[in-house]
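Enquirer: Dock chains B, C, D, E and F against chain A, hints included.
Taken in sequence, the protein lines are chains A, B, C, D, E and F. Heads up: the first sequence begins at 1 in the numbering used here, then just goes up one per residue. Heads up: the second sequence begins at 1 in the numbering used here, then just goes up one per residue. Heads up: the third sequence begins at 1 in the numbering used here, then just goes up one per residue. Heads up: the fourth sequence begins at 1 in the numbering used here, then just goes up one per residue. Heads up: the fifth sequence begins at 1 in the numbering used here, then just goes up one per residue. Heads up: the sixth sequence begins at 1 in the numbering used here, then just goes up one per residue.
Certain hints may be false.
[Claimed, not checked] Calculated cross-link-like contacts (lysine-lysine; reagent style DSBU-like; alpha-carbon spacing at most 35 Å):
1. 237/B - 2/B
2. 237/E - 2/C
3. 2/B - 2/A
4. 2/C - 237/C
5. 2/E - 237/E
6. 2/F - 2/D
7. 237/D - 2/D
[Said to hold, decoys possible] What follows is a list of derived Cβ distance ranges for each label pair:
8. 152/A - 216/D: 21 to 29 Å
9. 170/C - 126/D: 48 to 56 Å
10. 235/D - 180/F: 42 to 50 Å
[What the hints assert, rightly or not] With the C-beta cut set under 8 Å, the calculated list includes, among others, these residues of chain C facing chain B:
11. 117
12. 120
13. 124
14. 127
15. 128
16. 141
17. 189
Calculated directly from the structure, the hints in this document are not laboratory data. Cβ coordinates follow ideal geometry from the N, Cα and C atoms, glycine included.
Number of protein chains: 6
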Amino acid sequence: MKIYDRNWMQIEDYLDHDDRIVLPVGSTEQHGYLSLGTDAILAERVAVEAAEPLGIPVLPALPFGMSPYFTAYPGSMSLRMSTYIEVIRDLLDVIAGQGFRRVALVNGHGGNAPITGLIREWTSVHRDEPVEVLFHSWYNAPQTAAAASRFSDVQLHGGWVENFAWTRVDGAEVPEGSIEPLPREVTASLSRIEMRTASPDGSHGGDYGRPDADMQTVWDAGVLEVRDLLENGWIRK
Amino acid sequence: MKIYDRNWMQIEDYLDHDDRIVLPVGSTEQHGYLSLGTDAILAERVAVEAAEPLGIPVLPALPFGMSPYFTAYPGSMSLRMSTYIEVIRDLLDVIAGQGFRRVALVNGHGGNAPITGLIREWTSVHRDEPVEVLFHSWYNAPQTAAAASRFSDVQLHGGWVENFAWTRVDGAEVPEGSIEPLPREVTASLSRIEMRTASPDGSHGGDYGRPDADMQTVWDAGVLEVRDLLENGWIRK
Amino acid sequence: MKIYDRNWMQIEDYLDHDDRIVLPVGSTEQHGYLSLGTDAILAERVAVEAAEPLGIPVLPALPFGMSPYFTAYPGSMSLRMSTYIEVIRDLLDVIAGQGFRRVALVNGHGGNAPITGLIREWTSVHRDEPVEVLFHSWYNAPQTAAAASRFSDVQLHGGWVENFAWTRVDGAEVPEGSIEPLPREVTASLSRIEMRTASPDGSHGGDYGRPDADMQTVWDAGVLEVRDLLENGWIRK
Amino acid sequence: MKIYDRNWMQIEDYLDHDDRIVLPVGSTEQHGYLSLGTDAILAERVAVEAAEPLGIPVLPALPFGMSPYFTAYPGSMSLRMSTYIEVIRDLLDVIAGQGFRRVALVNGHGGNAPITGLIREWTSVHRDEPVEVLFHSWYNAPQTAAAASRFSDVQLHGGWVENFAWTRVDGAEVPEGSIEPLPREVTASLSRIEMRTASPDGSHGGDYGRPDADMQTVWDAGVLEVRDLLENGWIRK
Amino acid sequence: MKIYDRNWMQIEDYLDHDDRIVLPVGSTEQHGYLSLGTDAILAERVAVEAAEPLGIPVLPALPFGMSPYFTAYPGSMSLRMSTYIEVIRDLLDVIAGQGFRRVALVNGHGGNAPITGLIREWTSVHRDEPVEVLFHSWYNAPQTAAAASRFSDVQLHGGWVENFAWTRVDGAEVPEGSIEPLPREVTASLSRIEMRTASPDGSHGGDYGRPDADMQTVWDAGVLEVRDLLENGWIRK
Amino acid sequence: MKIYDRNWMQIEDYLDHDDRIVLPVGSTEQHGYLSLGTDAILAERVAVEAAEPLGIPVLPALPFGMSPYFTAYPGSMSLRMSTYIEVIRDLLDVIAGQGFRRVALVNGHGGNAPITGLIREWTSVHRDEPVEVLFHSWYNAPQTAAAASRFSDVQLHGGWVENFAWTRVDGAEVPEGSIEPLPREVTASLSRIEMRTASPDGSHGGDYGRPDADMQTVWDAGVLEVRDLLENGWIRK
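With the rest of the complex left out, here is chain A:
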């Protein structure tokens, strides 16, 4: 359930019988022909659908992440790493102070992954009541990636694997066909200015899209895998 569909008293009641909470973390950044919000939209949606039958509250997605390499594409936002770790630290501190003991960050943006360093630091602190924190990048988790690989192993930024009905935007037609994939070692080393030249439309390659039925297969796998994580992914019960 979205925590925005609840008031604080309902969350206090929830804490009487459960101690889990979900924080989706995304990014606002160029995704080629797709929505600037793709990573945040998908992270929040997959989290909400996964958590729904379990009754676990889902915070609003943190819409801004670490995307310094895309900031030359208008509409892309980015937080410095030094900022981002303080945001996550603050949220974990507050969450832990309210009695939550299991926190899942459901991530939609590859550039956010290094926040695991802060999480590991945070969980290393000894607490009277330990708090477990999972970091799960839903889009390349094993089951979801396997589902996508049934269609293509090329699963890149701004490509088909992010092209859902809910990430397309009005007034922009996604091209047919595909483009040459940009090697990851290249996109991982370009400056924000070079990136614009290397990726003129912002897609990093492969098919631009696939049939909705294929996308639903990927999505269903994503939702199930997050749900399984929320049910069974903890070392503490």
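Expert: Okay, now just chains B, C, D, E and F, sitting in the frame of chain A:
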């Protein structure tokens, strides 16, 4: 228009003829019987409705703000001030780097107001192309407050003035009637623990609600005032 | 009493029967024809006069504040907000650790007001012995502003309302007459370089001065209002 | 070549014809029966051996990394993430300012991997002369891990895969045999205190050691893989 | 001249023919029977007297310094080092931006000396117009210390060497005689709590006072030495 | 003993009967014709030789220090002061958390000395079990400096006093003779760019070298003085 309903190319096109952008800033915090997202929901909604006819892009609301005094109410989040100023600095830096020259922060949470200190510091820097930044707390701006005062001068946290159809939650009935207002100088000085005692249900007093027609009057004033700001509130054109 | 007129043993004795302390916060910045120290001089002086009959110790004024928009006027100083909040945090931490339980910041500079964000964060922490912190901008507090409004509603930076015998400097004659007020929304948005052009002599408008008797009226109101605050402004006794 | 075996004039000469430099990053932390310096020793040694025939200078290993989960084992050190990113930022800034254009961080400690977030931020900045930064965890790079897997797929902290003649210490006999592997999801979630109970001797499982010939095979693969990286791993030449 | 006795236009005129400025840095901390402001009072006064005939502007003393070891004595203040370096950095940045090219920090408190690390970092930056920054602890500079040594080599915190007519306070009689000096290596290693036990009255030993004529000798030496520094202590003219 | 020649269990055993540890702190920076690692090499070596007969563990040298004025000489590294104090804070926190109660920083680089500010702040905190921290610059400690002064009072950066068999490098012949000493007040005020002009080869003057027998005399004094510190330099036993 919500920037999430656009892709980066559409924003680049937009920058050919306009240089305005809106960042709603809210909070995830207790609002008595109302949604934990009240401040973020209202800030984003009022911004989107105001900007719609002007075609100005609206970023997703920053859902977490400075609410240290409410963190003992489950589901409330808060960023430290040292964190919050870095978040806003980062976003302004990126926004300015993309050619936006007029930025409106539409704020839904009183505790965020001190961010004006950072904004003033940021705008004091000399830039070849100056960037203007407005900070507008929509709910107590002159026209909106005047509209609300037609019904009651008691306009407090978690009270009637935040009770819209879109901030009420399922499964929680807002009480009839009213409660004694908490003096502002008291709520401004309590620790997070004392706050729970002083405000058992989280509302700071006055009527819990008013008829939808009254609320629409307030809302309409809020939307118009933000729109006027976006059209005429700048010293730079 | 000025804490500089006391030694630590006298302060320890004082803490046996009282728990109040005053920290004046000012700024070193251009004030047109008036002293570069105007804000610090006035904040400290009003605090000392107000506290004298109450026997409350007054720290030396923090002479540097947040004045990024004036730094192109020689002799003006400024601290970044990220610095300023750490200064105030450090002082509050030390003060609280010594047994003071009521702290009044008497402020003389508008640009310092956002420090209330840090203060609210600091007071939100739960402490075994709560510490109350007031932030009082003496020059525009209700009674003082009302006293000044008896003479003119134009009360702007570097204008008559700051022109006391103790803020004038040798060798500089303050002009007669008045100048057109600069709109606040303009001065609030200019870069440090633009400010010099917009305000050639540094005064933001209105009368340059008024008769000493008028000024004494304003001053007396200021002193009384601070004294009332120190006596009756606390929610904790 | 170790940069400590050179003076600055020799490095200036080197920059006339090459622009590469290596920074080994390690950790000082418990490694079961092995040296507290295992990660730093191995990272520096593999870097030096790899760089030797290429004539590339190798900085001294940064001996302290992010190991918050091991700090209850005496002799283990750790830097907070907020500290670590500033250390790496400072070093990269200085290195870039001297004309180096290709920097390889050869890493010996898993906990350091999130520094890639800072590196990506740093390389995203547009520079007149771009600087490429590689981050290479030598011990689990593809060729090295494959070489190790010829002997066992269990390659865990403090186990056989780190047990070289140059990481064993006098006066401590490494046990024969093996112990049950600790699941990675468990070691990734324990607090620093829990870690001591979960891993009484500090080894995370599998064989404690293997014959020197096996180890040499792994080592040779590691050196060759780092050397290949230094020769061919760059997108800029 | 005190900069507070000037307005910005006078400072701008001054910059037409000179580029020097003085920043006294002190501390608010226990000084035994003497004023809590001893270090700030002396630093500002010696700077003002030294600068007077030279016409160099003297900023107000920064009244708070690094005194963590004295914070258990009521009325003592302290800034963390991480705060203090940002304060000094901010002031130097602003000062340099206004055309001052020679800055003298006249220091009255031993605990502030490590700020030289920040100063050296700041001056190492290459600037088109170099700015020289001197850090001068007036009380133990060679000539001043020599003058004091004519009377006694025991020159310790809170002792005779700080006992001037302008650091004594009403209502507190300084004892006759002397006490056993506390060894510096002891006072340099005590925690804030231990310090209170080790130094019950806050004086670190030696004579409590000396005849006014002796004190004047020391003072005159201090003023002359600061004046000589301001005239001849620069490597840049 | 080098802590890298030990495993954690051996350190835990050591803590049963002793509570001392040594952290050498150096710098990687130009030293004229000598090794870029001179300061780190000497600090670690003198610490290891001094501690050996006492059985005290010696951490690896922190190889990077505060050397902002040398960064225009290739191969020189530097940490900002804001970074450096966090590194030392982190290490002290971890060390104290493991039961060490006496920590000696053996320093080889003059630019690191201001870290004493952080150390004093750290030791001022009240702890149930106090931790003593010594900071010892071995090369200019009284006995060592006296030993060197038997040969020459000119003891400058990159000069004879740092020219040991273990700081010379292959392929670089140190010149015979001597050069004019650079005044300390000059080298203390130059920017990083000016430094290269003022000191073309990086040596700050005096003899370039002296006979090995002289150097051994200095070295022996250095080792003995550090050893005496480790045995007798503490106020806590």
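Enquirer: Could you work out which of the previously given hints the structure breaks and list their numbers from low to high?
Expert: 2, 8, 15, 16
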